[in-house]
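Asks: One letter stands for each residue in the lines below.
Number of protein chains: 2
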Amino acid sequence: MQCLWLENKKLALRQVARPQAEPGEALVRVHLAGVCGTDLQLLAGIYPFQGIVGHEFVGVVERADGHAALTGQRVVGEINVGCGDCVDCRQGRSRHCAQRTVLGIVGRHGAHAHYLALPVDNLIPVPDSVSDRAAVFCEPLAAACQILEQVPVSAQDRVLLVGAGRLGLLIAQVLARTGCTLRVVARHDRQKDFLRQQGIALFAEDEIPSRWADVAVEASGNCDGFHSARGALRPGGTLVLKSTYHGKNEIDFSSLVVDEITLIGSRCGPFRPALSLLSQGLIDTETLIEDVLPLAQGPAAYQRATQAGALKLLLDCR
Amino acid sequence: MQCLWLENKKLALRQVARPQAEPGEALVRVHLAGVCGTDLQLLAGIYPFQGIVGHEFVGVVERADGHAALTGQRVVGEINVGCGDCVDCRQGRSRHCAQRTVLGIVGRHGAHAHYLALPVDNLIPVPDSVSDRAAVFCEPLAAACQILEQVPVSAQDRVLLVGAGRLGLLIAQVLARTGCTLRVVARHDRQKDFLRQQGIALFAEDEIPSRWADVAVEASGNCDGFHSARGALRPGGTLVLKSTYHGKNEIDFSSLVVDEITLIGSRCGPFRPALSLLSQGLIDTETLIEDVLPLAQGPAAYQRATQAGALKLLLDCR
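Going down the list, the protein sequences come from chains A and B. The opening position of the first sequence corresponds to residue 1 in our numbering, with each subsequent residue numbered one higher. The opening position of the second sequence corresponds to residue 1 in our numbering, with each subsequent residue numbered one higher.
Check each hint, because a few of them may be wrong.
Chain B is nowhere near these chain A residues, computed Cβ spacing over 10 Å in every case [to be verified]: (1) K9; (2) A12; (3) L27; (4) G37; (5) G51; (6) G309.
Listed next, the stretches of chain A that the computed footprint assigns to chain B, with coverage defined by at least 3 CB atoms under 8 Å from CB atoms of chain B [unchecked claim]: (7) 91-104; (8) 231-238; (9) 256-264.
Facing chain A, according to a computed beta carbon distance under 7 Å, are these residues of chain B, among others [stated by the list, open to error]: (10) R93; (11) V102; (12) V106; (13) T244; (14) K248.
Since the hints were made in silico from the structure, they are not lab data. Here a beta-carbon is modelled for each residue, glycine too, at the ideal position from N, C-alpha and C.
So that you can see chain A by itself, here it is in the shape it has in the complex:
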């Protein structure tokens, strides 16, 4: 089959054998796959990975031994695969299993290919009401939903979101649905236009009031974004760290203590709430699609995804 293979910071089309579905796993024929910021970080060599990249997908189960009912089902999939045996797995935190593999990120070939393999337990059927073009957003939308799993946000809260990239624009929509007073710091005109169309208000970077926000979400992927978010928080407020970036960040711990600030790291999230939002048509994903390119043009899609302000590049893997 054809795939996008990453090796030594280079991405190339390659022909490889179809993945072997291990016992308990299903073979999935990929329909659409998304290019994510994490994929670009892998390509930049920030995390070590060699193999088939990609972790955002929707596809159809081609074969799942012992699970006949699943065959032919359209599915999305939780990307973390725990060992099933450690204390984290036993206590329901398999996404944090130290021995985990992660689709297209850690020790497991990914979704930028004609086929992928994932445990049957990781797969979630997609209702007919959700198109492939929407379902492929399930994984990043789940990551956006994770914020609300970790921090209660209500209509009484003032929330600042710093960063309006591919993930940020999903986060903005999820936060807006809580009825909170939401302001977003966006850099690019297309992001601003999208937010305005959604009825979501903006703050310019230089007009963020101090002590304004009950909750701030940092999704900009850089240190400046952290400091903007921190500066906007009221005492006792909560800062959600939603983007990873290389290197260390210097922060003033005493100020966190004196102001009793909470920092929360937030990564992957629950697929079912995300699918539910998509099936009800409550999240605009269609406008977030920059373009759909065939898998064979994968390297070009990655190239376009790196451009400033680029929205979601999808790969058609059929």
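Take the given structure of chain A and dock chain B to it, following the hints.
Replies: Then chain B, alone, in the frame of chain A:
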């Protein structure tokens, strides 16, 4: 009256006029006052303050215009005085009011004196069952109790406390009462002896297991303590920052995101739970008293408080 006056990193006995109780304030004759790590930081010039130091006290209300019933009452007192008018004060966060004064710390003369003045609303009567020698621990014990206001800790949790100084030994006792599996990292033999007497188990600094703790509390006052606490946390765990220290700390934000760690800054706490614990005799404060010196020997008390492993120095201000 006599007081301990701080100016230009120097502490000296000084004769000053009794404080004027403003409208709504009470004049309190101080019985006992404690020397706290924050007092030592003020003396070291880490925070700017000039005037009478001290914020841990128990005393008797000498006069409270319009509140006759309070006169003669033995009291402890919440040390933060909000403006009463800003959004933080109106929403119940007067401890975080940007215009607040803080007894002996910010813009308000403190407790290392024969008399102090505080708003009537800040004072909490001390039941007869609580001696002066116990009541004087109410403020730091409230700071220890604040941890449980911010983080639910149950008998199912594994909790690591790094640091067993004056505050740490109160925190250890508060945490132990939850029934959690508690381990404490202590440096000095007296701290270790006290903890063992309390039936609280220890970890040596070099034997802290990784991914062990559901909750870690950093009360060591230094960067190493933070890294020990962080290293002990399981993914999804919570790190409570309980000590302030000068300067910035370098941390790896990506690891906080990937492991979904929560950092919580924790400062002052609620007096009523602390008084309740003291009135039930559930916290050993007596063993934590290093010595009681007369106010006139205040500078010597501060000197002794700076010695490694020193427990609580009290000033008799009568």
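Asks: For each hint, tell me whether it holds in the structure or not.
Replies: Evaluated hints:
no., hint, verdict
1, K9, "holds, 18 Å"
2, A12, "holds, 27 Å"
3, L27, "holds, 29 Å"
4, G37, "holds, 12 Å"
5, G51, "holds, 19 Å"
6, G309, "holds, 23 Å"
7, 91-104, "holds (count 3)"
8, 231-238, "holds (count 3)"
9, 256-264, "holds (count 9)"
10, R93, "holds, 6 Å"
11, V102, "violated, 10 Å"
12, V106, "violated, 10 Å"
13, T244, "holds, 4 Å"
14, K248, "holds, 4 Å"
Checked against the numbered hints given earlier, this structure breaks hints 11, 12; the rest are met.
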